[in-house]
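Chemist: With the hints in hand, could you dock these two chains into one complex?
Chains A and B are the protein sequences, given in the same order.
At the far end of the first sequence sits residue 435, using the numbering used here, and the numbering has no gaps.
At the far end of the second sequence sits residue 165, using the numbering used here, and the numbering has no gaps.
If you are wondering where the hints come from, they were derived from the structure by calculation, not from laboratory data.
There could be a bad hint or two in this list.
Partial selection, computed: residues in chain B whose CB lies under 10 Å from chain A [claimed, not checked]:
no.	residue
1	S2
2	Y28
3	V49
4	C66
5	E71
6	N80
7	F94
8	S145
9	L155
Listing some non-contacts, in silico: residues in chain B with all C-beta distances to chain A over 12 Å [unchecked claim]:
no.	residue
10	R8
11	A114
12	G118
13	T120
14	F139
15	R162
Small disclaimer: the values here were computed from a predicted structure and weren't measured.
Every residue, glycine too, gets a C-beta built ideally from N, C-alpha and C.
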Amino acid sequence: MPGSPQTFAQKVLARAAGLESTEIGQIVDARPDVALSHDNSAAIRAIWQELGQERLAIPDRMAITLDHAVPAPTARHAQNHAEIREFVAEQGIASFFEIGRGICHQVLSEEVLVRPGQLILGADSHTPHFGWMGSLGAGVGRSEMAVLWATGELWMRVPESLRVELEGELGSWVTSKDLALHLIGALGQDGALYRSVEFAGPGLVTLSLESRMALANMMAEMGAKNSYLEPDEAVFRYLGERLAARAGTDAAAETSGLAAGAIYPDPDAAYAASHSIDLSQVQVQVACPHRVDNTRAVSELSHIHVDQAFIGTCTNGRAEDIEQVHRVLVGRHIASRTRLLIIPASSQVLGEALARGWVQDLMQAGAVFGTPGCGPCMGNHLGVLAPGEVCISSANRNFRGRMGTPDAEIYLASPAVVAASAVLGRIASPEEVMA
Amino acid sequence: MSPLRQGRVWKYGDDVNTDVIFPGKYTYTLRTPEEIAPHALEDLDPAFVCGVEPGDIIVAGNNWGCGSSREQAATCLVYNGVSAVVAKSFGRIFYRNAINNGLAAVACSEAVEAIQAGETISVDLDACVVRCDRGQFPFPPVGESLVRILEAGGLVAWAKERLAS
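Only chain B is shown next, with the shape it has when bound in the complex (with noise of 0.2 Å):
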């Protein structure tokens, strides 16, 4: 998986839940990539799925991802090709999530407050450094067992390579 993350900004404010990331109602019958994708953030912004484009990074406020454990949350913006989340902080399910799906999670509050709406941003995970129109921003590097997993390009990949080792 690529270490530098590049795209638009789509930008929320705090506490933004699983629910309204990915409706609970169709957390048991909506499997597949294709079924999951047109209900990413359905019930905070409809524009998003219209607009979204491959590269895209969402940047938010505090405790992105609060509440439900649905994995779909972090795998709907996947699947609409969302590289990295910016937030101030993290509900931690929904990190483990992202960061076991590929998805670079990255906590940054200086980023987050300094980033506008539509601007386009990079976060780079091996310098450790969001860059955005105001500056560069750095952030604490993951630890290096999620290193290990993300370098191996989620969780399921590199269970596999050790069950095959």
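Isolated chain A (complex conformation) (with noise of 0.2 Å):
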């Protein structure tokens, strides 16, 4: 019914399917704002000729990067980034980001290719990463974002919502992955199955605009349909100055009309379920094999020796991440028998850890870099695991077989431990190493 308090996943499936309001559990016909794929763009290409159309429905509301296995590390690998290159020059998508300029989340951010208050459909699982910026990303799977290219619509259930208010501020090298393992641990892996989950309260201004992507991404490790952070000026000035020096234009007014585009539940909204963190007593928090939720202290873990220490992904591969790792590392060495492999999320991460001269001192430390990209996240390459070796890693998943073999331990933790435990060469905190 009309007039009814909306939440935020309902007002913007509403706009995006064209209702003036939604109902909770209401399936409708989105049209999204941004369809995004990447290396999965030739499978779903044969899906989509299968379909028997000539012309894409929405080329202009496509994105398609190059992440997930970049360079080509096999003959196969190489093929299926031609394929995709072929169907991007005869269909003209002019959103296309070739190898190196990043992971899809970060450079779709960059880029600003998504807004707040829009919908944005993904061939790729971290997609609630958007929510970072008050828009709402969900992933898909590839036959849907062939459908999808074909028609321009696809059908969405709207989500219960789950609120969680944060108060206070983090400790010191406490982070937002911290914070998203805590949840993670206290709600488990299905905590937000479904759910929308929408933070809010003064606690998530004291946040930077990478530590909330690292949030917002993290989500979906809870099962969430999607993420939602209300955004603030900072978000929308982020945004607005990238715009403003792309396009040529007013900083100022290119902010605003971001601003007036962003989408705020309603005060008295109906939620599933209520959380309140005290962000103060967030403690360090790591994530041992082989789930998500399997979250301890850093300091129960001082056992567990290092084989490789993974610093990237779309999680905490940005420059805010490096540069903690250059807090930790600066004027050290890694241990003898541990690998440290940092692969930034995408190339102006890269350019700014040149600039900044974290690349060279990082390296002097003992690190490898990376091309940017996905890494190996999931298993593809550069930097998979033997059977019977450890990882300590910035990313998302630890699960079994992840990193390419089964026998392998993943354990996942904030890019200040990653490197305090390279230095160490167990799982350590900043603190044992800055001390």
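Modeler: Put into structure tokens, the structure is as follows:
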């Protein structure tokens, strides 16, 4: 019924379906503002071709990045990329990003291809990432993306929402990754299944934008359909300045235009559950094999030897993350039986790390740098593990087999903890190194 | 597609993720059913592909198929002849991928508790009931739009009909 109080998710899906309002549980035909795919685009194209269409319905709303296995590790991966390039050229898809530009979620944020209040569907399970700016991002499958390419719309169920009120400020060396792991540890891997996880409260604005990206991204690991962090002026400014720089327009005008498109929940909207977190009480967390909700305090794990430390991914491969690693490692060296792999989330992140001198310092500390992209996160290449090895990673998933072999163990933590562990050759907190 | 699915049960636990159902390292190179099928449940239960028979049904706990959006997590089961997955709950993208590929995905906690590995059960999508040795257990009907997709034989077949009309 029109006029009933609406959550963020209800409002965005109503807008995308051309409706006044929506009811929770309603299935709507939504027209997303952006349809995202990546190395899976060749497989999606094959499904799209089955639909008998010669031209895409929504080339202007599509974005394709090559990021999951770049540069191509095998001839078959290279063939996959070649098919995607051919498709992009044939259909005239303007928003196409070559190998090395970076990970889809980071690149689309940097390029401002998604805006607050919009709906983005991605053939990627970390599409909830875009909640960082107050848009609704949800993952879909390949067949769904193919149908979206052909028709411009897809069925979506209006989800229940879970509200998380943040208060206070994070302590020293405690990051939004720890906050995310704390929440997932408390509620479980299915703690937000099918739900929109909506963050608000005075603690939210204390988080940097890059920290917000990590938080929104990780909600995929709690089963969430999407994330939502109430956007503030800092979000609009970040996006507005980037839009203005690209288009040669006025940053203030772009910023206020973005703010005008933002969507906020009604104050009396209905939530399936509400939680309150005092950020000052969150501790440094590590997720142990093979579950993201298998969380422990870092101090309980100091007996775990580390073969590989990995910094990167759409979760924690940004400038702020590399800066933290630099803080821990500058003037030190990694342990002799441990290797440290750093893969920036995008070419812009790598550029910043170079300009600020971090890359040189970190290479002196023993780090190895890789091409911006997803790296070994899902076991394709660039640092997969040997059977029996242990990796501590700034990524998002520690599932058995994730990094190439079922006989390796993956621990998940913040970039600072990963860096400290590389220095001591065992799982460690930054305080142990910095003391 | 048949509304009645019947087969032997393969039973698994909670939070079985898509990496153990179909490893990520294969996701951009293996495309055909013949290539995909042998890797089903590779890192969860290597006995599965050796013993699975057409019609077999997977029964699992909470959050079956959590993790990646990779559609092969559903299609690798279809290519091995699996006719249904009955779980306490599903990872949401797996659920969509299953329906969109004509694989019945039924959430029914009571049935999962009652069913033993190896027994033969049936899933009746018309009557919305799971029948097993210990009785029969109802599940809520899937929505009208999803029924249209299932009836068409999956999302691509449904979209083809729509685009042709």
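Chemist: Is it correct that the beta-carbon of T120 (chain B) has no partner in chain A closer than or equal to 12 Å?
Modeler: For T120 (chain B), whose nearest Cβ neighbour in chain A is about 29 Å away, the distance exceeds 12 Å, so it holds.
Chemist: Under 10 Å, Cβ to Cβ, is where L155 (chain B) needs to be relative to chain A, so tell me if that hint holds or is violated.
Modeler: Check passed: Cβ of L155 (chain B) comes within 5 Å of chain A, closer than 10 Å.
Chemist: Determine whether the non-interface label on R162 (chain B) survives the test: each CB of chain A must be over 12 Å from its CB.
Modeler: Answer for R162 (chain B): violated, closest chain A Cβ roughly 7 Å.
Chemist: Have a go at the E71 (chain B) hint: is there a Cβ in chain A nearer than 10 Å to its own Cβ?
Modeler: Check passed: Cβ of E71 (chain B) comes within 4 Å of chain A, closer than 10 Å.
Chemist: Hold the hint about V49 (chain B) up to the distance rule: shortest CB distance to chain A must be less than 10 Å.
Modeler: 15 Å, violated
Chemist: Using 10 Å as the Cβ threshold, decide whether N80 (chain B) counts as touching chain A.
Modeler: With a closest approach of 18 Å, the N80 (chain B) hint is violated.
Chemist: Classify the label on F139 (chain B) as holds or violated, using whether its beta-carbon is more than 12 Å from each beta-carbon of chain A.
Modeler: 16 Å, holds
Chemist: Grab the minimum C-beta distance from S145 (chain B) to chain A and call the hint holds if it beats 10 Å, violated otherwise.
Modeler: Because about 5 Å separates S145 (chain B) from the closest Cβ in chain A, which is inside the 10 Å limit, the hint holds.
Chemist: May I ask you to check that R8 (chain B) keeps its beta-carbon over 12 Å from the closest beta-carbon of chain A?
Modeler: 25 Å, holds
Chemist: For the restraint on F94 (chain B), tell me whether the closest CB of chain A is nearer than 10 Å.
Modeler: With Cβ-Cβ at 9 Å, under 10 Å, it holds.
Chemist: With a cut-off of 10 Å on the beta carbons, see whether Y28 (chain B) makes it to chain A.
Modeler: 5 Å, holds
Chemist: Just to be careful: measuring from the Cβ of S2 (chain B) to every Cβ in chain A, is the smallest value less than 10 Å?
Modeler: 20 Å, violated
When each numbered hint is compared with the structure, violations occur for hints 1, 3, 6, 15.
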